[in-house]
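Using the hints, put the two standalone chains together into the complex.
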Amino acid sequence: MEHKQQNNQLYDLLKTYFPKGSNYLILSNDLLKVNSYFMNQIYIQTSSIHKKEIWGEKSRLTTQYGKEIGWVPDQFDHIFFADTVRGEIAEALINRNNELIPEEADFLEADNLIAELKIEHLSQSNPFFLSEGETKLLWFISQFAKAPQYMIITNLTAGLSRARVLLVIDFILKSLSIGKIGRIMSPTYIIGLSPKDHDFITMLQQTGHWHILSKIDFLTSL
Amino acid sequence: MIANDLKILEKLHFLSIVTLGITASLWAIFATHYFIPLIWLFLLSGLVVIHRKSEFRMFIKRFLQIGGTLVILSLLQIIFRRSGDVIFSVKGINLVYAKGLMEAILLWIRFMILFVMATIFSFTSLFNLTRFLNSIYIPLNISLLFSTTLKLIPFIYFEAKRILWFQHYRGISFRKLSLKGKVIALKKLLYPLLMRSINYISFSGLALELRGYGIHEYRPLPGRYSLKRLDYGFIIVVMILNIIFLRL
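Just so you know, the protein sequences line up as chains A and B, in that order. All the letters of the first sequence, read from the start, carry residue numbers 1 to 222 under the working numbering. All the letters of the second sequence, read from the start, carry residue numbers 1 to 248 under the working numbering.
Next comes chain B alone, as it looks inside the complex (with noise of 0.2 Å):
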């Protein structure tokens, strides 16, 4: 199954990621029509399903899962934007009007389009993104916060799960506290997690300082981090789509 995954998105330079990210989501902002946003919603889940097909059930799973809840938000805007033609009325009470449904459409695909990008960010790798905003003269502070605060993510999560353990260990049963002692569990989970990130901050800040970083603001990365000839390609198709979308 593993052998199947074209594994694509770890191929491709940061840059050509990133002007696919901004092409779509510049797409689904000023888009008034679903279609155009709808085809790139599509087509970036594709590049995501291509990349590694052995987790396409998985893919598929958030995306209905993300896609469920975010329908509920959307619903709101149907409720909220009272504008256009009424599409759906009960007993003389109009409900359902065309541009806020049509908006309620756009409004999901646009929280979708961040969902499949966030999942394309998460595949390619963070020393990437640092050579990439190194490569562009970005100073190494900036590149170095981004890169920290992405790796504190799942540092975060894997404390958080052992915190919970901890909590277990002490006796405490999540299931039969009431929804107050729930609330106050959750608070005292909050401490230890945020005494612990200081402390793995302060101690990742130390190594860096200790390696020399922040005396210079700019300082180059070793190996070359050039554009490829898949990443032209690559750059070139995403353009063809946005001048065919243009005319249409």
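Excised from the complex, chain A in its bound form (with noise of 0.2 Å):
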């Protein structure tokens, strides 16, 4: 029950801090403690500990939490488990739904948002041979392809090349200027970024309603 009081309060945390109709953009050179927060509050204080906890309360609240927030770490050891990247997109799009073996029309969905990336190319790669930002591009779609309500991205531009930021970057504007992408509607975002990359919070700005945080205070303090 500890744990459930702790994870909801994150929630509402979110809700509280980062209310919908806006995004947020974290300027702050020191994004790896906003990155060691949300790694704590979403993964360690998430994952299973001990044996009991594999199917206990946990792992309800791990599930739960999923649905809310797609969330883009740094640098994580993801874990993905289809053989194509297609077919991994394809699952999250209805894992969502407790389904676990997408149709043709998911598979459609996922070619469709493979192209609004631009990584066509990666379609029938295998996931875990996928390099270090083409791994990061994956996580990130496939955590948007689960319909989340918050997208936080903790540093956009960490393991990417300027054009793959660039890539994320369109994907994110076409996904608030239409609202949506495919069936997904578009979540409420929350990304750092350091405030030397200003072309980059430009570019962000043209589209949508951004709240911008300059300080991170915010976080020590909850």
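Incorrect hints may have been included.
The calculated DSSO-like cross-link candidates involving lysine-lysine, where the alpha carbons are at most 27 Å apart (straight line), are [to be verified]:
{"no.": "1", "chain 1": "A", "residue 1": "K67", "chain 2": "B", "residue 2": "K187"}
{"no.": "2", "chain 1": "B", "residue 1": "K176", "chain 2": "A", "residue 2": "K67"}
{"no.": "3", "chain 1": "B", "residue 1": "K161", "chain 2": "A", "residue 2": "K67"}
Below, a sample of chain A positions facing chain B; criterion: calculated Cβ distance under 8 Å [what the hints assert, rightly or not]:
{"no.": "4", "residue": "S47"}
{"no.": "5", "residue": "W55"}
{"no.": "6", "residue": "F81"}
{"no.": "7", "residue": "I101"}
Hints were generated in silico from the structure; no laboratory data involved. Model, not experiment: these values are computed from the prediction. Beta carbons: idealized from backbone N, C-alpha and C, even for Gly.
Below is the structure:
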């Protein structure tokens, strides 16, 4: 019950500090703190420590949490379940509904998302053999495919080349301008960026309403 | 609590533990009566308890869990072994035979000895196993195969737990899945587990090759690994017990 309260508390705090109707840019040179905060809240506190927890309350809350929050950390040892990028995204699209085997329509939807992120060349690649940047892109898109309420990218530029950051920004801007991509509604974005990446900041501010947080005091005060 | 732990198994040479294991296993296999294997089971259990008194409750809990499960397996022996005197019958139908009951008890003891021996081996250092195999001139490839395989078990366990977290974070709720869904979810757990294990093993192999392992068939490991007084005493006690049991 303690964990449940903690996790719900975090989600409530997210709703309090990042109300919907706006997107958020955390501009800080100390993005590591932001990353470790969300890593602690989302992964460390919910990951199973004891055998009992594998099927217990924590797992239930992780599921609940996974449905609400899409999360792209700085560096993370990602695990994928399918043998192709296309299959992985198709699975991510249906897992939210507790389904496990995607249908043709889901694969087409996955193709659409892949095309939007311009990574068609990776469509048939095995997720386990992707580079760091490609892995992060796949993780981002599979998190987006879960149709979460919030999409937290703790450091947008970490592990990505400039060209790939631009791909992600284009994707985000399109989702914000149309309100959805395919059948996935645009979430509330919380993006961490270094203040020196002002060109990316300017690009992001082109579409949608962005609220800029220059300090991370709210994280330490939580 | 921890201060009371004798940790005797960590002090023993691997040969002593192997001697104990072989002796207990041989008695469990060849004994026709359950009395002596049962004594060995108590002795082994006692050794585990003495080794780590602080985990006494945990050991008893696991012992009862495994033992309880194995009772069901042993019951099959009673059902299918139908020879010897009839011990129990209902309305003229013979249910339990003397030989069947004896073999069921023996089977249970054999499995429990295996379980306790596995517990004992889990307390000993993996490096000691490699050193022991090295000291009896087992090729390094084989000794490393043993230790790498054993080291992989906790890795697989933690990886499986991580993969489960990833599945949950995708939004899958195992509780709400049907039986078929649960089977599919478990199948999906195996693929990343296999991929990551292969990855882990290939990197381990590469690391070993880079350190020069595999060039020579035999390579002495640093540090002496010899029998101590405690080991001699231990082996003598085991032998005395064997002689006593043979005379019974």
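Results of checking the hints against the structure:
Simply put, A:K67 and B:K187 have alpha-carbon atoms about 22 Å apart, close enough for the 27 Å limit, and the pair holds. Our distance criterion of 27 Å between C-alpha atoms is met by B:K176 and A:K67, whose separation comes to about 15 Å. Restraint check: the Cα-Cα separation between B:K161 and A:K67 comes to about 19 Å, which is no more than 27 Å; the hinted pair holds. A distance limit of 8 Å between C-beta atoms decides the matter here; for A:S47 the minimum to chain B is near 5 Å, and the interface restraint holds.
The restraint placing A:W55 at the interface with chain B holds, with a minimum CB-CB distance near 6 Å, inside the 8 Å limit. The interface hint given for A:F81 holds, since its Cβ lies 5 Å from the closest Cβ of chain B, which is under the 8 Å cut-off. Because the closest C-beta pair between A:I101 and chain B is about 7 Å apart, less than 8 Å, the hint holds.
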